[in-house]
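Chemist: What follows is the residue order along each chain.
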Amino acid sequence: MIVVVDSCRELPKCTVAQRAVGHDQAIAPDGGHRQSMDTFLPLTVVGVVAGCIYALTAAGLVVTYTTSGIFNFAHGAIGMVSAFAFWDLSQHHHWPSGLAFAAVVLVVAPALGLLIERLLMRRIESSSLDTSLTVTVGLLVLLIGIAKMVWDPSQPRFVPQFFPTHSVSVAGVVISWHQLTVVAAAIAVAIALRLFLYSTRPGIATRAVVDDRELAALTGAAPVRFSQLGWALGAMLAALAGVLLAPLVTLDINTLTLIVINGYAAAMVGRLKNLPLTFVGGVALGLLESYAVGYLPVGNLLGQIKPIIPMVFLFVALLVLPQARLRGRSTVIRPPRVAGLRESLVTAAAFLAVAAVLAVTLSAGTIATVSLAVCFGLVMLSLVLLTGYGGQVSLCQLTFAGIGAFAMAKVGDGGSVLGLLAAVGLAGAVGALIALPALRLRGLYLALSTLAFAYSMDYVFFQNPKVFGNSLSLSIKRLHVGGLALTNGRAYFFFLCAVFALVAVGVLAVRRSTLGRRLVAMGDSPAAAATVGMSLTRLKLLVFTLSAALAGLGGALLGGVQGLVGPADFPLLSSILLLLLAVVFGIRTTTGMLFAGLVLAYGPVIQTHVHGSLRDIVSLGVGLGAVGIGRNPNGTFGGNTPLQRLRDRRAPDLPAVVAVPAPMGPVEGAGRAVR
Amino acid sequence: MLCVEEVSVRFGGVQALQGVSFEVTAGAVTGLIGPNGAGKTTMFNVVTGLQRPDAGRVRLGERDITRLRPQARAHLGLARTFQRLELFGTLTARENVLVAAEVAAGLTRHGRSPADLTGELLERVGISDVAAVPCDVLPTGTARLVEMARALATGPRVLLLDEPSSGLSSGESAALGRLLLRLADEGIAVLLVEHDMDLVMAVCSMLHVLDFGELIATGTPTQVRDDRRVQEAYLGVTVEPAAPGDAPARVD
Numbered sequence: 001m002i003v004v005v006d007s008c009r010e011l012p013k014c015t016v017a018q019r020a021v022g023h024d025q026a027i028a029p030d031g032g033h034r035q036s037m038d039t040f041l042p043l044t045v046v047g048v049v050a051g052c053i054y055a056l057t058a059a060g061l062v063v064t065y066t067t068s069g070i071f072n073f074a075h076g077a078i079g080m081v082s083a084f085a086f087w088d089l090s091q092h093h094h095w096p097s098g099l100a101f102a103a104v105v106l107v108v109a110p111a112l113g114l115l116i117e118r119l120l121m122r123r124i125e126s127s128s129l130d131t132s133l134t135v136t137v138g139l140l141v142l143l144i145g146i147a148k149m150v151w152d153p154s155q156p157r158f159v160p161q162f163f164p165t166h167s168v169s170v171a172g173v174v175i176s177w178h179q180l181t182v183v184a185a186a187i188a189v190a191i192a193l194r195l196f197l198y199s200t201r202p203g204i205a206t207r208a209v210v211d212d213r214e215l216a217a218l219t220g221a222a223p224v225r226f227s228q229l230g231w232a233l234g235a236m237l238a239a240l241a242g243v244l245l246a247p248l249v250t251l252d253i254n255t256l257t258l259i260v261i262n263g264y265a266a267a268m269v270g271r272l273k274n275l276p277l278t279f280v281g282g283v284a285l286g287l288l289e290s291y292a293v294g295y296l297p298v299g300n301l302l303g304q305i306k307p308i309i310p311m312v313f314l315f316v317a318l319l320v321l322p323q324a325r326l327r328g329r330s331t332v333i334r335p336p337r338v339a340g341l342r343e344s345l346v347t348a349a350a351f352l353a354v355a356a357v358l359a360v361t362l363s364a365g366t367i368a369t370v371s372l373a374v375c376f377g378l379v380m381l382s383l384v385l386l387t388g389y390g391g392q393v394s395l396c397q398l399t400f401a402g403i404g405a406f407a408m409a410k411v412g413d414g415g416s417v418l419g420l421l422a423a424v425g426l427a428g429a430v431g432a433l434i435a436l437p438a439l440r441l442r443g444l445y446l447a448l449s450t451l452a453f454a455y456s457m458d459y460v461f462f463q464n465p466k467v468f469g470n471s472l473s474l475s476i477k478r479l480h481v482g483g484l485a486l487t488n489g490r491a492y493f494f495f496l497c498a499v500f501a502l503v504a505v506g507v508l509a510v511r512r513s514t515l516g517r518r519l520v521a522m523g524d525s526p527a528a529a530a531t532v533g534m535s536l537t538r539l540k541l542l543v544f545t546l547s548a549a550l551a552g553l554g555g556a557l558l559g560g561v562q563g564l565v566g567p568a569d570f571p572l573l574s575s576i577l578l579l580l581l582a583v584v585f586g587i588r589t590t591t592g593m594l595f596a597g598l599v600l601a602y603g604p605v606i607q608t609h610v611h612g613s614l615r616d617i618v619s620l621g622v623g624l625g626a627v628g629i630g631r632n633p634n635g636t637f638g639g640n641t642p643l644q645r646l647r648d649r650r651a652p653d654l655p656a657v658v659a660v661p662a663p664m665g666p667v668e669g670a671g672r673a674v675r
Numbered sequence: 001m002l003c004v005e006e007v008s009v010r011f012g013g014v015q016a017l018q019g020v021s022f023e024v025t026a027g028a029v030t031g032l033i034g035p036n037g038a039g040k041t042t043m044f045n046v047v048t049g050l051q052r053p054d055a056g057r058v059r060l061g062e063r064d065i066t067r068l069r070p071q072a073r074a075h076l077g078l079a080r081t082f083q084r085l086e087l088f089g090t091l092t093a094r095e096n097v098l099v100a101a102e103v104a105a106g107l108t109r110h111g112r113s114p115a116d117l118t119g120e121l122l123e124r125v126g127i128s129d130v131a132a133v134p135c136d137v138l139p140t141g142t143a144r145l146v147e148m149a150r151a152l153a154t155g156p157r158v159l160l161l162d163e164p165s166s167g168l169s170s171g172e173s174a175a176l177g178r179l180l181l182r183l184a185d186e187g188i189a190v191l192l193v194e195h196d197m198d199l200v201m202a203v204c205s206m207l208h209v210l211d212f213g214e215l216i217a218t219g220t221p222t223q224v225r226d227d228r229r230v231q232e233a234y235l236g237v238t239v240e241p242a243a244p245g246d247a248p249a250r251v252d
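For the record, the sequence lines run as chains A and B. With the numbering used here, letter number 607 in the first sequence gets 607, and the count goes up by one each step, no holes. With the numbering used here, letter number 2 in the second sequence gets 2, and the count goes up by one each step, no holes.
Mixed in with the good hints, there may be bad ones.
Unchecked claim - If we take Cβ atoms under 8 Å as the criterion, some of the chain A residues that face chain B in the derived model are: (1) His92; (2) Asp524; (3) Ala527; (4) Ala530; (5) Gly533; (6) Met534.
Keep in mind that the hints were calculated from the coordinates and are not lab data. We put the beta carbon where it would ideally sit given N, CA and C, even for glycine.
Please work from the sequences and hints to get the whole structure.
Modeler: In structure tokens, the structure reads:
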């Protein structure tokens with residue numbers, strides 16, 4: 001069902017420690033306290049090694065973020081591509097591993113970083129979070145797509161450790177030279193970065209750019225130069241982490257890409273700018289994970305939280321971050337014109353007329369896919385409210401959809417109106433619960449906390465046999481009201497279209513209402529919104545609840561299309577993809593969501609029809625579309641067509657013309673009081 | 001009306017404000033001036049709740065508002081504009097003012113319909129013609145007027161304006177001055193940060209001068225203009241002591 005990351009379901013152990021523990025030190029998974037002294041040192045070694053890899057990744061993220069202001073979601077993908085390139089050179093082409101290492105880390109990676117900076121990032125440096133997030137996630141998708149084309153995922157690959165036959169024994173613990181290499185690399189990088197940033201001219205200038213870009217530019221520094229440096233250096237660190245990690249885990253595209261997400265937590269400990277703290281955070285996380293694997297019992301609730309430790313770590317690190325000052329957005333966005341009630345009703349009617357024709361003419365298979373698309377579109381409408389209007393970026397909308405589907409299946413007979421209400425209610429309630437701790441977070445931090453939530457839910461809820469049963473699937477019927485059942489797929493399709501049209505008209509009505517104005521105000525400038533007296537806390541809570549409820553509705557109806565729902569329908573990366581497609585198709589528009597839903601639903605269909613190395617053509621297309629957002633921040637249907645761009649160029653003249661006729665004119669005669 | 005007492009703010013190694021105290025009275029325009037980086041905008045942030053002071057208090061009327069959140073201060077009648085514009089860029093000028101009026105109406109600050117009040121305010125500051133334009137594309141001067149109309153829509157008792165005249169022509173500045181005096185006549189306490197000295201001298205009844213985070217002078221425009229420390233701060237040179245009998249205004 002998922003375009004890009006169809007096999008990420010097979011990753012129950014997405015952490016370095018969990019994999020490494022099994023591989024090297026061979027510790028009984030249910031170690032228990034009796035063995036605590038025997039296992040403590042080996043677990044510490046594994047934890048430190050994993051922590052060093054997290055620290056290297058996180059340091060790369062921090063370097064890029066501080067110099068360019070962009071949080072690079074594709075950081076892991078760069079590490080993954082580097083690891084595969086290393087495999088290609090050292091195993092496939094039989095280069096000596098030292099040479100292959102140097103070629104990848106010192107040549108390929110920095111070149112890739114520079115290329116990315118030049119082609120994509122330079123344009124989006126001061127743009128809004130959803131834009132930069134879309135571009136970097138798009139890059140991630142693109143790199144995964146390219147990797148799948150170049151290195152066939154079905155073929156197993158292994159990279160031997162560095163110095164495979166060497167090891168030392170310290171206090172009875174066998175430490176491989178590879179593990180020593182990892183630690184040495186982390187220490188070397190830490191020292192080198194410290195020396196560079198504090199003792200060299202370019203390093204000091206880099207820190208100046210980090211502190212105040214504009215001011216540094218005024219004093220003659222060239223921020224672009226430092227962005228280039230930041231991207232090259234960041235890519236090198238990603239590559240270093242990837243290449244060092246590769247021998248410790250299975251060389252798998254998704255695993256390597258995802259493991260790095262754990263590095264986010266370490267980066268957050270350093271508040272995305274403090275490198276020493278970042279290293280501390282990385283090692284702390286590695287140790288925590290390793291001890292958890294070794295000491296926590298298996299099977300009960302405590303055992304279940306093991307895989308989500310990095311995410312809990314991330315969430316806690318986010319919550320204890322000092323609150324950032326309220327600031328506004330710096331780029332100019334040309335918002336799409338808001339349709340009036342009449343116009344949106346006419347559009348909805350026309351849409352339903354087309355839907356009626358399609359319902360009777362399309363083949364049964366097509367109906368199923370298109371129904372799925374409409375449901376995805378419905379879930380995406382929740383993003384229009386939350387992200388498009390309110391400016392709050394969520395990476396967990398599909399999680400809410402899954403919760404909705406769960407409620408639909410469990411309440412009533414699996415297809416009742418009551419179930420639908422329960423779906424909306426439960427998803428909304430969970431949305432509010434999630435929003436509560438996240439309320440003080442803004443922008444990127446909020447987005448990351450929703451990511452941590454989605455990731456955690458994946459393990460404790462969706463993969464949990466107690467929730468989804470041993471077959472990890474629940475059956476959902478199509479909605480029936482009284483004696484009227486929508487068992488017919490064509491009727492159900494039309495019903496879905498009607499719901500979509502209704503909700504779309506509703507979303508547009510919200511935009512024209514005072515709630516909509518307040519949401520956009522909050523998204524545009526939280527500082528100004530607060531100073532005119534708006535309670536951002538209440539507004540955020542409200543919009544999170546509303547949008548989660550809406551996503552829950554979409555999920556419940558989606559269940560009816562397939563009859564069965566399971567965790568595979570709501571994976572984490574699809575939530576990210578959902579946001580990405582929504583932004584590509586114009587996150588402030590309702591019609592765009594329909595097209596985005598079509599792409600999401602048709603991706604896997606196309607994938608099954610295309611064979612060979614072009615199989616991932618869809619993810620390539622999606623990735624390209626997303627990175628294209630850097631050039632066209634309003635999305636495909638957002639109104640910023642080349643034609644409009646021409647008009648935009650003239651736009652600055654427009655107000656000048658209007659502002660001229662005696663602006664303060666009326667003041668003189670006016671006795672009107674503003675109380 | 002608004003009372004700032006011994007406020008200090010420190011950013012890392014920089015003392016942005018050091019024990020600053022002053023008062024803004026109702027029914028008058030009070031000026032807050034000083035060279036760039038003197039701490040004027042930081043003071044606005046402290047007063048409106050966007051920056052927590054390390055020490056000192058802010059009172060509005062009889063009430064200590066130092067620990068209140070920005071929106072609570074707005075509810076008590078504090079409104080501001082921003083030097084670096086903070087408009088709701090994707091809303092139209094009209095919507096910018098309307099949303100503020102709606103928030104205030106929800107608090108029953110004024111009995112009128114938000115839409116009526118918005119129309120009136122747009123006309124009053126002279127931006128009715130751009131009502132339907134998204135604010136991101138407005139030129140700076142016009143955008144500042146939108147911010148002012150938005151601030152007025154909250155029905156303020158105290159209005160803080162951060163360089164409202166930059167981006168305006170001299171004719172427009174003069175009109176702005178007349179508007180400020182009229183607002184003061186209506187009983188609003190106006191605090192004006194401004195670099196246009198002609199405007200400051202014309203409308204302010206009282207001036208406070210900041211330099212490197214410290215209040216170096218307080219007095220009427222004439223007193224402040226003749227103050228030696230003010231001239232030093234602005235011109236960066238040591239000025240000969242003023243003629244005897246021309247007592248400069250000093251802060252304790």
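Chemist: Now tell me, hint by hint, if it's right for this structure.
Modeler: Here is what the structure says about each hint:
At about 51 Å, the closest approach between the beta carbon of A:His92 and any beta carbon in chain B exceeds 8 Å, and the interface hint on this residue is violated. Hint on A:Asp524 holds. Least Cβ distance to chain B is approximately 4 Å, under the 8 Å limit. Interface restraint check for A:Ala527: the shortest CB-CB distance to chain B comes to about 5 Å, inside 8 Å, so the restraint holds. For A:Ala530, the shortest C-beta to C-beta distance to chain B is roughly 4 Å, which falls under 8 Å, so the interface hint holds.
With a least beta-carbon distance of about 3 Å to chain B, the hint placing A:Gly533 at the interface is held under the 8 Å criterion. The restraint placing A:Met534 at the interface with chain B holds, with a minimum CB-CB distance near 6 Å, inside the 8 Å limit.
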